[in-house]
Amino acid sequence: MDAKAIHEALVAKFGERITGAGLEAASPFAVVAPDAIADVAAFCKADPALAFDNLMCLSGVDYPKEAPPRMEVVYHLYSYTHFHTFALKVHLPRENPAVPTVERTWGVANWHEREAWDLFGIAFTGHSDPRRILLPDDWEGHPLRKDWQDPDYYNGLHVKPTQQMMERALAGEAIGVGPFDFTPDNAHAVKP
Amino acid sequence: MTTPQLNEWDPEALDTDEMILQMGPQHPATHGVLRVELRTDGEIVKAARPHIGYLHRCFEKHSENVDYAGVMPYADRMDYCASMGNTLGFALAVEKLHAIQVSPYVDTLRVVMAELQRIASHAVAVGTYSMDIGAFTPFLHLLRDREKILDLFEWTCGARLLYNYNWVGGVSHDLPEGFIRATRDLLREFDSVTYPELLDLIIHNRIFVRRLSHVGVCSPELAISYDLTGPNLRGSGMARDLRKDSPYCGYENYAFDVCVGKGQYGPLGSCYDRNWVRVAEMQESSKILHQALDRLEKMEKADVHEKVPKRVKPPKGEVYVRSEAPRGQLGYYVVSDGNLSPYRVKVKSPCFTAMSVFHHLAKGMMIADIIALIGSFDIVLGEIDR
Chain A
24 MDAKAIHEAL VAKFGERITG AGLEAASPFA VVAPDAIADV AAFCKADPAL AFDNLMCLSG
84 VDYPKEAPPR MEVVYHLYSY THFHTFALKV HLPRENPAVP TVERTWGVAN WHEREAWDLF
144 GIAFTGHSDP RRILLPDDWE GHPLRKDWQD PDYYNGLHVK PTQQMMERAL AGEAIGVGPF
204 DFTPDNAHAV KP
Chain B
2 MTTPQLNEWD PEALDTDEMI LQMGPQHPAT HGVLRVELRT DGEIVKAARP HIGYLHRCFE
62 KHSENVDYAG VMPYADRMDY CASMGNTLGF ALAVEKLHAI QVSPYVDTLR VVMAELQRIA
122 SHAVAVGTYS MDIGAFTPFL HLLRDREKIL DLFEWTCGAR LLYNYNWVGG VSHDLPEGFI
182 RATRDLLREF DSVTYPELLD LIIHNRIFVR RLSHVGVCSP ELAISYDLTG PNLRGSGMAR
242 DLRKDSPYCG YENYAFDVCV GKGQYGPLGS CYDRNWVRVA EMQESSKILH QALDRLEKME
302 KADVHEKVPK RVKPPKGEVY VRSEAPRGQL GYYVVSDGNL SPYRVKVKSP CFTAMSVFHH
362 LAKGMMIADI IALIGSFDIV LGEIDR
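Chains A and B are the protein sequences, given in the same order.
Just remember that the working numbering sits 23 ahead of the position in the first sequence, which is counted from 1.
Just remember that the working numbering sits 1 ahead of the position in the second sequence, which is counted from 1.
Isolated chain A, as found in the complex (with noise of 0.2 Å):
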């Protein structure tokens, strides 16, 4: 099937809750209603025509500069049986972004989903293990949104050069910082 004829597929099952598409695009998607992926997946899944038995790839986006700012899980989807692809996204809030976990249907979602968690920040109701993937249990925040800034501190120690530091290492001090050794060397390469 292609993209055209997988949109309509979803449209005539789902109606409103396929809020949107993009079948142009080079990899065709269609815009889900949050609550209605879970749905939705397992539809792609079971149903003979479409049978969309492997989920390649899910990925979070942030978009903070589009109105109105949003959150994007995009679900890569290939069917095995028929050799087709499509993608599903989802628009989530900035704010506390929440969407329910697919781990049921594919059980790979499982550690995309705490990548997406991990990265982030976004929630996926009802998985089951829901814990951290690629950092630490211990780390703050969620870094690949755009609005992140490094942290100074990392479990008490000081991870970034404050501005006084970064002087005293170039006036010739030897300074140790958190795990990394500023000397006059290397002081000019590293921003405070």
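These aren't lab readings, by the way, just hints derived from the structure by calculation.
Bear in mind the structure is a predicted one, so any value in this text is a computation, not a measurement.
We treat Cβ as the ideally placed atom computed from N, Cα and C, and that holds for glycine.
A hint or two may mislead.
[As the list claims (entries may be wrong)] Short derived list, chain B residues pointing at chain A, Cβ under 10 Å: (1) ASP16; (2) GLU19; (3) CYS59; (4) LYS349; (5) PHE353; (6) HIS361.
[Stated by the list, open to error] Computed cross-link-like contacts, DSBU-like style, restricted to lysine-lysine with a CA-CA straight-line distance of at most 35 Å: (7) B:LYS62 with A:LYS27; (8) B:LYS299 with B:LYS288; (9) B:LYS288 with A:LYS88.
Got chain A; can you put chain B on it based on the hints?
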């Protein structure tokens, strides 16, 4: 999202016979810095959970802060055993965004490099795997053969591991004089000596077969649900290969077979099948290479930088592009906002998804088989953690 304590991992919740064993992060057989937490009852593994992230280097964050050409060296460093495949995937994705069509000559060069890399990568995979399960000699043999391929890479682009060879719109260097002959010599040796030797030494070795042919059996349904790809999926009996299913770089013009696990010594989808597929694929790669070299000999040389844009600045848009890297389908989701650096790059790493099925297969295994299972997925932690 709160973080509830999972009961089965709570020391208080253990049976009196059970204990929690930490395998890794510094463990020689975990192929990198991987920690696996095992809940064991004697030698039996009741449950397992892998902890990844020890090698996280923020590839995706870095990519948002450098230009497209600057992403390439970072992409090299994800799967450091098969760098050619990583950069090829990213180059294909950006070329699709940018609507660049590279010349057939460049396509053929890319196929040559990708297939040489596949042989080298599978050599490491099978070699280290045999070492994992206690056979040291094949490792030395295979690393010796891989070394010859790395010499070819070094000759071409100056680097042995991290090549930065595939560029957006081209490749960094044309082939040096004599490369085709040298590669033919290497392939001749591979076909007549190395490959039969590899079969005798390890793949048809009775100890190897009996050690592995009943271990770590993964059904095709489980494999697809957890998005196992590449040799791991083919080991479960699914003849799915992107080079055949949705060809790129002109793979449709080459005659080769998709190697599928046969389960000739035990249930289909065992650790043995996954390794058998890798070894069989090395010979298929050799076939592709012979054809590609024939093609190069007949082809007129073209400028490999012809289509490389002065500034890589794709129009606004997004694309998801997959390619068949040695370890499976490597996917790049690239979002461009029309600027010089990508707005978002997400990598679907084949090793990441292979590791996510681990807890299913590990349940009920012996501890010693855990090592065999981890190795059979041929994971590279640099790619899992990115």
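Hint check against the structure, violated hint numbers in rising order: 1, 2, 9
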